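K.L.:
Model the full structure from these sequences, guided by the hints.
These protein sequence lines map, in sequence, to chains R and X. Going from the first sequence to this note's numbering is simple: count from 1 and add 591. Going from the second sequence to this note's numbering is simple: count from 1 and add 591.
Possibly wrong hints are sitting among the right ones.
The list treats identical chains as interchangeable, and a pair is accepted whether it falls inside one copy or across any two copies.
Computed list of lysine to aspartate or glutamate pairs in EDC-like fashion (alpha-carbon distance at most 20 Å, straight line) [to be verified]:
no., residue 1, residue 2
1, K633, E683
2, K905, E891
3, K803, D780
4, K633, D684
5, K647, D685
6, K647, E732
7, K731, E640
8, K715, E860
9, K905, E732
10, K647, E728
It is worth saying that the hints were derived from the structure and are not from the lab. Being a predicted model, the structure only gives us computed values, none of them experimental.
There are 2 protein chains.
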Amino acid sequence: MTDYRIDALQFVNWSEKSLEKLRVGKLDAVHVTVAYHENFRKTIDSITEWNSLFRKHADRIFQGLTAEDIEKAKQSGRTAIFFGFQNPTPIEDDIGLLEVWHRLGVRFMQLSYNNQSLLATGYKEHDDTGVTNMGREVIKEMNRLGMVIDLSHSGERSTLETIELSGRPVAITHANPEFWHPIKRNKSDKVLKALAESGGILGLSLYPFHLKDGSSCELTDFCSMVARLVDLIGIDHIGIGSDLCQDQPASALHWMRNGRWKFSENTDEDFPAMPSWFPDNSGFNFLADGLNKSGFSGEETAKILGNNWYRYMKHSFLPNER
Amino acid sequence: MTDYRIDALQFVNWSEKSLEKLRVGKLDAVHVTVAYHENFRKTIDSITEWNSLFRKHADRIFQGLTAEDIEKAKQSGRTAIFFGFQNPTPIEDDIGLLEVWHRLGVRFMQLSYNNQSLLATGYKEHDDTGVTNMGREVIKEMNRLGMVIDLSHSGERSTLETIELSGRPVAITHANPEFWHPIKRNKSDKVLKALAESGGILGLSLYPFHLKDGSSCELTDFCSMVARLVDLIGIDHIGIGSDLCQDQPASALHWMRNGRWKFSENTDEDFPAMPSWFPDNSGFNFLADGLNKSGFSGEETAKILGNNWYRYMKHSFLPNER
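P.N.:
What follows is the structure in structure tokens.
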């Protein structure tokens with residue numbers, strides 16, 4: 592069987608330099624964020640900027656629409672880029688916009704980012720009131736279209752309810768287990784088990800805030816966490832969703848956090864330094880070494896570094912009806 | 592060879608009644624107008640309304656994206672609906688929006704409606720200054736994407752320049768020869784010959800304003816015109832683009848004419864009555880009879896009623912590069 596390397600969440604400022612690292616890390620597919628807080632029209636501007644990047648770097652990247660595009664990427668030595676939203680703002684209050692976005696190639700959408708959305712509750716709210724009326728309709732429509740429901744930033748109740756309501760397996764594209772690094776943004780055993788039992792998948796994050804010991808996190812420690820996670824939910828429901836934000840300016844961090852929902856304070860806060868063993872997409876090679884040295888077989892390592900995501904995408908990107 | 596029936600321009604208010612006529616007329620494909628003067632965001636609302644129609648009437652219509660969808664329509668006894676713009680307003684001043692619209696299935700765009708646009712001049716302006724700087728870029732991008740350049744409402748100079756500039760055959764989806772009914776909206780021999788020589792195609796209009804004797808136009812007279820046109824440009828460059836506006840309210844006519852470019856006068860003007868032999872899509876059966884009785888062979892009639900458009904679409908909907 593062919594092995595695929597897939598990252599289920601990146602927000603990189605792409606340039607010749609960062610694109611070159613995609614090759615070094617042998618990435619066949621990456622899910623990229625095209626909207627955090629943008630409305631419909633502003634997200635269209637993200638799409639036209641992406642189309643310009645695709646034209647300029649046609650030898651390195653192209654837009655992925657189906658799992659077959661991952662195979663096509665592998666065969667041509669390029670990377671298939673799949674679009675996704677971290678917040679449902681691009682559908683505004685119009686469920687009909689989901690089909691428009693699906694046609695434009697959007698394959699992932701989070702039901703909520705950090706705060707309450709029209710669909711569900713984010714993990715930073717004091718109360719999680721679960722999936723809203725519109726949220727229930729949106730879950731059905733995403734199921735119909737073949738758009739992956741992503742719960743990375745959702746609160747626990749919203750997450751568990753969505754897993755229950757969704758007719759198709761959902762994803763948590765970028766987060767880590769709470770048992771390893773107990774912050775609210777990481778996921779409880781209960782969520783992880785419900786996710787795996789429903790056929791869903793978790794992308795493990797390399798973002799320092801989600802890691803034990805942050806930027807100083809050791810690769811061996813990360814790999815021990817993976818081993819413990821395999822004991823909890825099995826090997827088939829684990830992938831990578833690095834949350835890599837390479838070369839982004841501090842202003843991107845402020846936009847992600849504050850959008851337009853509050854008056855942003857002028858802070859000096861910037862993105863944290865990445866662990867030495869995951870500075871950019873070359874980190875996939877370090878991860879492969881680390882997992883092998885920690886006792887994972889070649890097949891197990893390949894599953895974690897992309898084959899599990901490939902299998903999941905192959906099923907999840909197909910519409911339920913045509 | 593299979594025969595296809597195709598109408599290259601309709602703006603029908605769709606209902607069970609008008610959809611039923613599509614079956615009676617055995618239409619395999621229809622190009623429908625989804626924007627006259629709408630900007631990008633408002634045209635998206637037209638698309639979501641169309642998607643609702645497709646869901647509601649999945650047994651009768653579906654969105655066509657490729658010429659293969661015309662075959663699929665024939666095989667399943669349905670009609671493939673292809674989207675088009677009569678004015679370039681949905682791309683605003685952003686050439687990048689063409690690729691977005693192409694991905695959303697838009698397959699036709701007029702460079703100008705009645706007035707001056709950012710791209711070219713409409714037939715109602717006093718001076719036609721030809722294709723603009725942006726127009727030249729848009730022609731190249733439409734050629735690349737596989738979006739048909741439609742010149743139905745453009746002025747003569749803009750039309751001739753576009754035929755010259757375009758790397759792929761263009762279309763006049765709905766108009767008649769000036770030699771038969773001499774109004775400025777119909778096309779001169781010079782335009783018709785240049786169109787045919789470049790491999791383009793003309794859709795003959797059944798809209799009373801474009802017909803000799805208007806609503807009282809005789810079918811035999813229409814068919815004599817077709818015979819004379821065949822003598823002028825050959826049989827392979829002629830199809831139908833009826834401009835059927837069945838069941839539209841008068842407000843639609845006012846929107847088409849006035850958009851937001853002038854303060855609309857309160858008139859009682861309504862759509863003109865259609866000729867008795869083309870009241871709706873059942874008119875395709877009358878046309879078939881009329882052409883046969885006028886001496887056209889079965890093969891020639893089939894070319895005019897759809898096979899020519901099918902051949903044209905098969906080439907024109909393919910991108911120049913992928």
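K.L.:
All hints, please: hold or fail.
P.N.:
Structure-based check of all given hints:
1. Taking the closest pair of Cα atoms, K633 and E683 come within 20 Å of each other both inside a single copy (11 Å) and across two copies (14 Å).
2. When the C-alpha separation of K905 and E891 is checked against a cutoff of 20 Å, the pair qualifies only within one copy, where the shortest distance is 19 Å, while the shortest distance between copies is 47 Å.
3. For a Cα distance limit of 20 Å, the shortest separation of K803 from D780 inside one copy, 17 Å, qualifies, whereas the shortest one across copies, 78 Å, does not.
4. Proximity of K633 and D684 under a CA criterion of 20 Å is satisfied in both settings, with 15 Å inside one chain copy and 15 Å between copies.
5. Taking the closest pair of Cα atoms, K647 and D685 come within 20 Å of each other only across two copies (18 Å); inside a single copy the shortest separation is 33 Å, beyond that limit.
6. In this homomeric assembly, K647 and E732 come within 20 Å of each other (Cα to Cα) only across copies, at 15 Å, whereas the closest approach inside a single copy is 34 Å.
7. In this assembly of identical chains, the alpha carbons of K731 and E640 lie at most 20 Å apart only when taken from different copies (19 Å versus 30 Å within one copy).
8. Within a single copy, K715 and E860 get their C-alpha atoms as close as 19 Å, which meets the 20 Å cut-off; across copies the closest is 58 Å, which misses it.
9. For the identical chains of this complex, K905 and E732 are intra-copy neighbours only, at 19 Å inside a copy versus 32 Å across copies, given an alpha-carbon limit of 20 Å.
10. Taking the closest pair of Cα atoms, K647 and E728 come within 20 Å of each other only across two copies (17 Å); inside a single copy the shortest separation is 39 Å, beyond that limit.
Against the hints set out earlier in the document, no violation occurs for any number.
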